[in-house]
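Visitor: Take these sequences, add in the hints, and give me the full structure.
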Amino acid sequence: MQMGDVCPNYVTLVSVLPAISCFGALELGKWVHLYAEKNGIEIDDVLGSALVDMYSKCGSIEKALQVFERLPRKNAITWSTIIGGLAMHGRANDALDYFSRMERSGVTPSDVTYIGVLSACSHAGLVDEGRSFFSHMVKAVGFEPRIEHYGCMVDLLGRAGHLEEAEELILNLPIRPDDVIWKALLGACKIHGNIEMGRRVAKVLMDMVPHDSGSYVALSNMYASSGNWEAVADVRSMMKEMDIRKDPGCSWIELDGEIHEFLVDDDSHSRAKEIHSMLDEIANQLRLIGYRPDTSQVLLHLDEEEKESALQYHSEKIAVAFGLICTSPHTPLWIVKNLRICEDCHSSMKLISKIYKRKIIIRDRKRFHHFEHGVLPAISCFGALELGKWVHLYAEKNGIEIDDVLGSALVDMYSKCGSIEKALQVFERLPRKNAITWSTIIGGLAMHGRANDALDYFSRMERSGVTPSDVTYIGVLSACSHAGLVDEGRSFFSHMVKAVGFEPRIEHYGCMVDLLGRAGHLEEAEELILNLPIRPDDVIWKALLGACKIHGNIEMGRRVAKVLMDMVPHDSGSYVALSNMYASSGNWEAVADVRSMMKEMDIRKDPGCSWIELDGEIHEFLVDDDSHSRAKEIHSMLDEIANQLRLIGYRPDTSQVLLHLDEEEKESALQYHSEKIAVAFGLICTSPHTPLWIVKNLRICEDCHSSMKLISKIYKRKIIIRDRKRFHHFEHGSCSCKDYW
Numbered sequence: 001m002q003m004g005d006v007c008p009n010y011v012t013l014v015s016v017l018p019a020i021s022c023f024g025a026l027e028l029g030k031w032v033h034l035y036a037e038k039n040g041i042e043i044d045d046v047l048g049s050a051l052v053d054m055y056s057k058c059g060s061i062e063k064a065l066q067v068f069e070r071l072p073r074k075n076a077i078t079w080s081t082i083i084g085g086l087a088m089h090g091r092a093n094d095a096l097d098y099f100s101r102m103e104r105s106g107v108t109p110s111d112v113t114y115i116g117v118l119s120a121c122s123h124a125g126l127v128d129e130g131r132s133f134f135s136h137m138v139k140a141v142g143f144e145p146r147i148e149h150y151g152c153m154v155d156l157l158g159r160a161g162h163l164e165e166a167e168e169l170i171l172n173l174p175i176r177p178d179d180v181i182w183k184a185l186l187g188a189c190k191i192h193g194n195i196e197m198g199r200r201v202a203k204v205l206m207d208m209v210p211h212d213s214g215s216y217v218a219l220s221n222m223y224a225s226s227g228n229w230e231a232v233a234d235v236r237s238m239m240k241e242m243d244i245r246k247d248p249g250c251s252w253i254e255l256d257g258e259i260h261e262f263l264v265d266d267d268s269h270s271r272a273k274e275i276h277s278m279l280d281e282i283a284n285q286l287r288l289i290g291y292r293p294d295t296s297q298v299l300l301h302l303d304e305e306e307k308e309s310a311l312q313y314h315s316e317k318i319a320v321a322f323g324l325i326c327t328s329p330h331t332p333l334w335i336v337k338n339l340r341i342c343e344d345c346h347s348s349m350k351l352i353s354k355i356y357k358r359k360i361i362i363r364d365r366k367r368f369h370h371f372e373h374g375v376l377p378a379i380s381c382f383g384a385l386e387l388g389k390w391v392h393l394y395a396e397k398n399g400i401e402i403d404d405v406l407g408s409a410l411v412d413m414y415s416k417c418g419s420i421e422k423a424l425q426v427f428e429r430l431p432r433k434n435a436i437t438w439s440t441i442i443g444g445l446a447m448h449g450r451a452n453d454a455l456d457y458f459s460r461m462e463r464s465g466v467t468p469s470d471v472t473y474i475g476v477l478s479a480c481s482h483a484g485l486v487d488e489g490r491s492f493f494s495h496m497v498k499a500v501g502f503e504p505r506i507e508h509y510g511c512m513v514d515l516l517g518r519a520g521h522l523e524e525a526e527e528l529i530l531n532l533p534i535r536p537d538d539v540i541w542k543a544l545l546g547a548c549k550i551h552g553n554i555e556m557g558r559r560v561a562k563v564l565m566d567m568v569p570h571d572s573g574s575y576v577a578l579s580n581m582y583a584s585s586g587n588w589e590a591v592a593d594v595r596s597m598m599k600e601m602d603i604r605k606d607p608g609c610s611w612i613e614l615d616g617e618i619h620e621f622l623v624d625d626d627s628h629s630r631a632k633e634i635h636s637m638l639d640e641i642a643n644q645l646r647l648i649g650y651r652p653d654t655s656q657v658l659l660h661l662d663e664e665e666k667e668s669a670l671q672y673h674s675e676k677i678a679v680a681f682g683l684i685c686t687s688p689h690t691p692l693w694i695v696k697n698l699r700i701c702e703d704c705h706s707s708m709k710l711i712s713k714i715y716k717r718k719i720i721i722r723d724r725k726r727f728h729h730f731e732h733g734s735c736s737c738k739d740y741w
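Sequential numbering from 1 applies to the sequence shown in the UniProt record's numbering.
Since the hints were derived computationally from the structure, they do not count as laboratory data. One should not assume that every hint holds.
DSSO-like, lysine-lysine: derived pairs with alpha carbons at most 27 Å apart [what the hints assert, rightly or not]:
hint	residue 1	residue 2
1	Lys718	Lys632
2	Lys240	Lys422
3	Lys190	Lys139
4	Lys359	Lys30
5	Lys139	Lys203
6	Lys273	Lys190
7	Lys718	Lys422
8	Lys738	Lys562
9	Lys632	Lys30
10	Lys357	Lys63
11	Lys632	Lys562
12	Lys738	Lys725
Restraint-style ranges between C-beta atoms, simulated for each label pair [unchecked claim]:
hint	residue 1	residue 2	range
13	Glu702	Val500	29 to 39 Å
14	Ser328	Ser100	38 to 48 Å
15	Leu34	Arg604	47 to 57 Å
Since the model is a prediction, treat every value here as computed from it, not as a measurement. Quick reminder that beta carbons are idealized off the backbone N, C-alpha and C, glycines included.
Guide: Here is the structure:
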């Protein structure tokens, strides 16, 4: 969620939400929304529009409407987003009502607004209204129609059966029609069984995009629907000659934080027997109420019984069956499909929802492109490991080449989501490794405290003939810093400057200050900053201030804090660090002075916050948090943990409590640190031996670090905590950082 003192901010959230929308990760989207609210990030028209779009595309249109209505300001983008969302969910009348509200509110519709309006008309078959809106947009408003507007009109006319008018519109376009607009007409030909026009349109598409399977499959399907199996064979023979393959139907459902993917007739899942039993039960239930499968949808030359069986194992039905056996009654099922849902599945889903009293939301025909550039960094930012695993699986199952670019993004994602072993697996399997790929794995190993491995990979990189970049050296110096390898760090820095010839960036100097400061060479670190050839930023001074706190150098700490207070006067970090140093030395009068200064300037300390993902939901805890619905159980578990620690002789490190309290009160305060609450919640909610993966927004304190080692041993759990600096892997009573952090 945050590494290297960089917290998710307004810009991060606006960037992350489209990525979440792309994969329909509703629970992650909800958490991002909650994060914004809890951290005082203003939900303005830009972030608000991104949230409305995310909820719409993740299947929760009601939540999208709630966000929209609460926005204090609504611009054209915001209105267009909610109108488009309502259209997407088939709520055409609501979409048109919101368009009227938009005009009454004095906000001028944009050309994008009209795409949503025309789409709403298309989905609802409102032909006259669609024609009227299109005409108004062109003649009254004066917008020059884009290809998307014409596409909506072709879709509107085609769905309603006005095929000749739709074709005429395409043939007379003032701009060149693309394949999307022709595909809309071809789909309409299939719906209305117009084989003659379908053949003509398919020919245009085959010339335009010769290796796209869509036109061949649509034409083959039309021939099959009319029983012309000879023509079907001809089309399939043509596809075989050109090595064109139909995209397989694929559906996925997220349950318990894991995304399960199913293909047509899929029996590869570990619970395949249960799924098939549920599919048989569904088929029997449908038969009992008189439903007969629409076998015209099976476009193979089979007998009737075989056709019914083929329909039963469509991917979306398998996903629904899996959802029914894995969730409690009345739980809504949210499924994504890569293709358009067929008529039989659509009809049967309506009945299944009634029989099993479930809301079933299916988002179909959504294309996913370029997720290595948008989705994976977003997943890395929020530590959503299960979603990241699914993106990786999606790439592999859909034949997307995992090259050095996508490979680097996957390595980065796994590293930042706590799974360095998986990052190493991906790295080793890459056929080509460039400087970015090597730098990513070296940085990942450094982040996880595996300094020797990071330096070994640096040596391998050089032996492989790949020239290290300046970014590579940031990872190498960071590895030295985390492991206290001072001489090695000095040597690498000197080699980078003198032998390689790189001009050091502020990040390289920051690593050196961190390296020297952690190791106790405070004067050398300060001297380095004061003699920098470039202006030092607040991050580099904060590294030195943190080192002053670790080593108890109050005099230098006071000096460095003063620099930071002048540089970033409203950043709480320097005030809190100085206050903590005074408190550690027992100088409560000086603590009071610093806190009084903070109060006068209205500066507030960032609250410690930890979160854990369980059953697909992210649970967030603050210090001394009792707001969770299971707070009583959590507090009981915290008491049990404290007793277990006492039994083995552990005494809390009360020097970490920087308040003027008696010893018992200090012990109690330490017990309710946010990461301990998250661990307690994880222990009561997961089965024995399940690893616990926790993210914290601040640096973990010494007492929590010491107690986590023992908790991992007592409860036989691996506990991974990602704080704002690095990863800590607690297992068998020890930590991967070797107590140097």
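Visitor: So, against the hints stated earlier in the document, which numbers end up violated here?
Guide: 2, 3, 5, 6, 8, 11, 15
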